[in-house]
Every structure is written in structure tokens, then in C-alpha cells.
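Undergrad: Start from the sequences and build out the full structure, keeping to the hints where you can.
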Amino acid sequence: NAGVMQNPRHLVRRRGQEARLRCSPMKGHSHVYWYRQLPEEGLKFMVYLQKENIIDESGMPKERFSAEFPKEGPSILRIQQVVRGDSAAYFCASSPRGGADVSTIQYFGAGTRLSVL
Amino acid sequence: EDQVTQSPEALRLQEGESSSLNCSYTVSGLRGLFWYRQDPGKGPEFLFTLYSAGEEKEKERLKATLTKKESFLHITAPKPEDSATYLCAVTSGSRLTFGEGTQLTVNP
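Going line by line, the protein sequences match chains A and B. Per the working numbering, the first sequence starts with residue 7, numbered consecutively. Per the working numbering, the second sequence starts with residue 4, numbered consecutively.
It is possible that some hints are incorrect.
[Stated by the list, open to error] Covered stretches of chain A (chain B as the covering partner; in silico rule of three or more C-beta atoms under 8 Å from a C-beta of chain B):
{"id": "1", "region": "16–29"}
{"id": "2", "region": "66–75"}
[What the hints assert, rightly or not] Keeping only pairs whose Cα atoms sit at most 30 Å apart, straight-line, the calculated DSS-like set for lysine-lysine is:
{"id": "3", "chain 1": "A", "residue 1": "Lys50", "chain 2": "A", "residue 2": "Lys77"}
{"id": "4", "chain 1": "A", "residue 1": "Lys77", "chain 2": "B", "residue 2": "Lys71"}
{"id": "5", "chain 1": "A", "residue 1": "Lys68", "chain 2": "A", "residue 2": "Lys50"}
{"id": "6", "chain 1": "A", "residue 1": "Lys33", "chain 2": "B", "residue 2": "Lys60"}
{"id": "7", "chain 1": "B", "residue 1": "Lys60", "chain 2": "B", "residue 2": "Lys82"}
{"id": "8", "chain 1": "A", "residue 1": "Lys68", "chain 2": "B", "residue 2": "Lys62"}
{"id": "9", "chain 1": "B", "residue 1": "Lys71", "chain 2": "A", "residue 2": "Lys50"}
{"id": "10", "chain 1": "B", "residue 1": "Lys45", "chain 2": "A", "residue 2": "Lys68"}
{"id": "11", "chain 1": "B", "residue 1": "Lys62", "chain 2": "B", "residue 2": "Lys72"}
{"id": "12", "chain 1": "A", "residue 1": "Lys50", "chain 2": "A", "residue 2": "Lys33"}
{"id": "13", "chain 1": "B", "residue 1": "Lys82", "chain 2": "B", "residue 2": "Lys72"}
{"id": "14", "chain 1": "B", "residue 1": "Lys62", "chain 2": "A", "residue 2": "Lys33"}
{"id": "15", "chain 1": "B", "residue 1": "Lys82", "chain 2": "B", "residue 2": "Lys66"}
{"id": "16", "chain 1": "A", "residue 1": "Lys77", "chain 2": "A", "residue 2": "Lys33"}
{"id": "17", "chain 1": "B", "residue 1": "Lys45", "chain 2": "B", "residue 2": "Lys62"}
{"id": "18", "chain 1": "B", "residue 1": "Lys71", "chain 2": "B", "residue 2": "Lys60"}
{"id": "19", "chain 1": "A", "residue 1": "Lys50", "chain 2": "B", "residue 2": "Lys66"}
{"id": "20", "chain 1": "B", "residue 1": "Lys45", "chain 2": "A", "residue 2": "Lys33"}
{"id": "21", "chain 1": "A", "residue 1": "Lys68", "chain 2": "A", "residue 2": "Lys57"}
{"id": "22", "chain 1": "B", "residue 1": "Lys45", "chain 2": "A", "residue 2": "Lys50"}
{"id": "23", "chain 1": "B", "residue 1": "Lys60", "chain 2": "A", "residue 2": "Lys50"}
{"id": "24", "chain 1": "A", "residue 1": "Lys77", "chain 2": "B", "residue 2": "Lys45"}
{"id": "25", "chain 1": "B", "residue 1": "Lys45", "chain 2": "A", "residue 2": "Lys57"}
{"id": "26", "chain 1": "B", "residue 1": "Lys66", "chain 2": "B", "residue 2": "Lys45"}
{"id": "27", "chain 1": "B", "residue 1": "Lys72", "chain 2": "B", "residue 2": "Lys60"}
[Unchecked claim] Short derived list, chain A residues pointing at chain B, Cβ under 8 Å:
{"id": "28", "residue": "Phe97"}
{"id": "29", "residue": "Ile111"}
{"id": "30", "residue": "Tyr113"}
What the hints contain is simulated information worked out from the structure, not anything from laboratory work. In this text, all values refer to a predicted model and were calculated from it rather than measured experimentally. Glycine included, C-beta positions come from ideal geometry on N, C-alpha and C.
TA: Here is the structure:
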């Protein structure tokens, strides 16, 4: 059973370009979470999605960042007009259940390391 | 707002030297406390989840315990392959709130 798959593993962008990060959840998982890990900082929640729905985007910066989880295909985290401060490791996690279910465990992918030149 | 504080930030042990990592938390309605292990360049790997004070879980050389205010990760007779960053996280809903981790180094 494949784990959470993220690609690309490494992404280099110049300031002002767009970055697209993809995440395929574990088989049977319909809940996806995105976290960001800035250098020398802990993991910070960004957004929680189910298929075709954004459930909680309270951790997402208001501008330039968006996320989707379409009916078919992977979840996408999109960063428009990247700046140097966006350089970080972006992790995706998935779970079979979410919300109020206390038994939910989030399983993480290997991350995408974004470098903005 | 949920908060997690881990200590120490870094810990260096000799192989076989047992110790404990601390995770203090503040959360409005704990639905779960999680321990993850993270190796350099990799994503967090799930270790344990604890739900109520008094609960304990074990896996090989690791044992996690939970009180109403903190959790401990006890490492018994560690080996060099236990070297990693150990992350603690809590949830009161769907998101995880992480501490900044304890970087453990076990020397042979």
C-alpha cells in the first residue's frame, strides 16, 4: 500500500513565478492536510480539504496561496508570484477520516522543498 | 489557541543511556496527542497517539505517557538508529498543532 506521494520532491522557482505542489493521499483516504515547515521552525497547519471541498483554510496566507482537491486527481497547493519568504518544506498528510473523529491519524508524505531564488 | 512546547531542544545521549523527552501542551478540548519521528529530508513518521490522561503506549525502545498537561517520550537503552527529531502534536479538531521538536543524537 503506497504511502502519501508528493511531487516534485524539490522545486526551484524565481521570484514572481508560480509553484504547484501535488499530493496523492494514501489509498482509501479522502482527507488531505497541508503543512509548511519554515527553516528552523516547526510544522504549521495551512489547509484541510476533502474531495471538492475546503474544510478549514485558516492557516493559509490570504494572498497568493490556494489549494484544491478535485474529484479526480491529486490535491494541489498553488503559490502564485512566489517570494523568497515562501522557501520552505511543504508537507501533505492524509487520513481516512477527519473532523471530530478522535481516532484520526494523519500520515505524512516526504514533502516538497521549495527554493525561491 | 492550542500550544505545544517541547524540551529539550536538543539531546545527545550515549548508546544505552536512557532518557525522556517532554511535551507540554495547552489545548481547549484534547482530542489526541501524537508523537512523530522525523529524519532529515523526510516527512514525519507516526509513532503513537494518546487520548486520555494516564494512557501509555510502547513500541520497541519507546514508551509514551500522557497527563493532563504534558506527555513524555521515554527512550530506553537507545541505539544510534534512534537518532532523529521527535515531534509532538495535539489536536482539538482536525488540524495538528506541532511543537518545534527535540533533536535526539545517540552516539555509539
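Undergrad: Look at each hint and say if it fits the structure.
TA: Tested hints:
Here's how the region 16–29 of chain A fares: 0 of its residues keep a CB closer than 8 Å to some CB of chain B, so the rule of at least three is not met and the hint is violated. Only residues whose C-beta sits within less than 8 Å of a C-beta in chain B count toward coverage, and the region 66–75 of chain A has 0 of them, not enough to reach three; the restraint is violated. Of the pairs offered as hints, the one joining lysine 50 (chain A) and lysine 77 (chain A) holds, with about 26 Å between alpha carbons and a cut-off of 30 Å not exceeded. For the proposed pair lysine 77 (chain A) and lysine 71 (chain B), the alpha carbon gap of about 40 Å is over 30 Å, so the pair is violated.
At most 30 Å may separate the alpha-carbon atoms for a hinted pair to count; lysine 68 (chain A) and lysine 50 (chain A) meet this at roughly 15 Å. Between lysine 33 (chain A) and lysine 60 (chain B) the alpha-carbon distance is near 27 Å, which keeps this suggested pair within the 30 Å criterion. With a CA separation close to 20 Å, the supplied pair lysine 60 (chain B) and lysine 82 (chain B) stays within the 30 Å bound. Between lysine 68 (chain A) and lysine 62 (chain B), the direct Cα distance comes to roughly 41 Å. Violation of the 30 Å bound is thereby established for this hinted pair.
The straight-line distance between the Cα atoms of lysine 71 (chain B) and lysine 50 (chain A) is roughly 23 Å, inside the 30 Å bound, and the hint therefore holds. The hinted pair formed by lysine 45 (chain B) and lysine 68 (chain A) meets the criterion: a straight-line CA distance of about 28 Å does not exceed 30 Å. With a C-alpha separation of about 22 Å, the suggested pair lysine 62 (chain B) and lysine 72 (chain B) falls inside the 30 Å cut-off, and the hint holds. Proximity of lysine 50 (chain A) to lysine 33 (chain A) is assessed by CA-CA distance (about 25 Å); at most 30 Å being required, the pair is judged to hold.
Distance hint between lysine 82 (chain B) and lysine 72 (chain B) is fulfilled; the C-alpha atoms sit about 29 Å from each other, no more than 30 Å. For the hint pairing lysine 62 (chain B) with lysine 33 (chain A), the CA-to-CA distance comes to about 25 Å; that is within 30 Å, so the pair holds. Taken as a hint, the lysine 82 (chain B) and lysine 66 (chain B) pair is honoured in the structure, with Cα atoms around 15 Å apart against an allowance of 30 Å. Taking the CA atoms of lysine 77 (chain A) and lysine 33 (chain A), the gap is about 14 Å. The hint holds against a cut of 30 Å.
About 21 Å separates the Cα atoms of lysine 45 (chain B) and lysine 62 (chain B), which keeps this hinted pair within 30 Å; it holds. For the proposed pair lysine 71 (chain B) and lysine 60 (chain B), the alpha carbon gap of about 16 Å is at most 30 Å, so the pair holds. For the hint pairing lysine 50 (chain A) with lysine 66 (chain B), the CA-to-CA distance comes to about 26 Å; that is within 30 Å, so the pair holds. Taking the CA atoms of lysine 45 (chain B) and lysine 33 (chain A), the gap is about 20 Å. The hint holds against a cut of 30 Å.
Of the supplied pair hints, the one linking lysine 68 (chain A) and lysine 57 (chain A) holds, its CA atoms being roughly 22 Å apart against a limit of 30 Å. Among the hinted pairs, lysine 45 (chain B) with lysine 50 (chain A) is consistent with the structure: their alpha-carbon atoms are about 16 Å apart, no more than 30 Å. Between lysine 60 (chain B) and lysine 50 (chain A) the CA atoms are separated by roughly 26 Å; this keeps the pair inside 30 Å, and the hint holds. At roughly 28 Å between alpha-carbon atoms, lysine 77 (chain A) and lysine 45 (chain B) fall within 30 Å of each other, so this suggested pair holds.
Taking the CA atoms of lysine 45 (chain B) and lysine 57 (chain A), the gap is about 26 Å. The hint holds against a cut of 30 Å. A distance of roughly 23 Å separates the Cα atoms of lysine 66 (chain B) and lysine 45 (chain B); the hinted pair therefore holds under the 30 Å criterion. This hinted pair checks out: lysine 72 (chain B) and lysine 60 (chain B) have alpha carbons roughly 17 Å apart, not beyond 30 Å. Because the smallest distance between the Cβ of phenylalanine 97 (chain A) and any Cβ of chain B comes to about 5 Å, under 8 Å, the interface hint for this residue holds.
The interface hint given for isoleucine 111 (chain A) is met, as the beta carbon of that residue sits about 6 Å from the closest beta carbon of chain B, less than 8 Å. A least Cβ separation of about 6 Å between tyrosine 113 (chain A) and chain B falls short of the 8 Å threshold, and the interface hint therefore holds.
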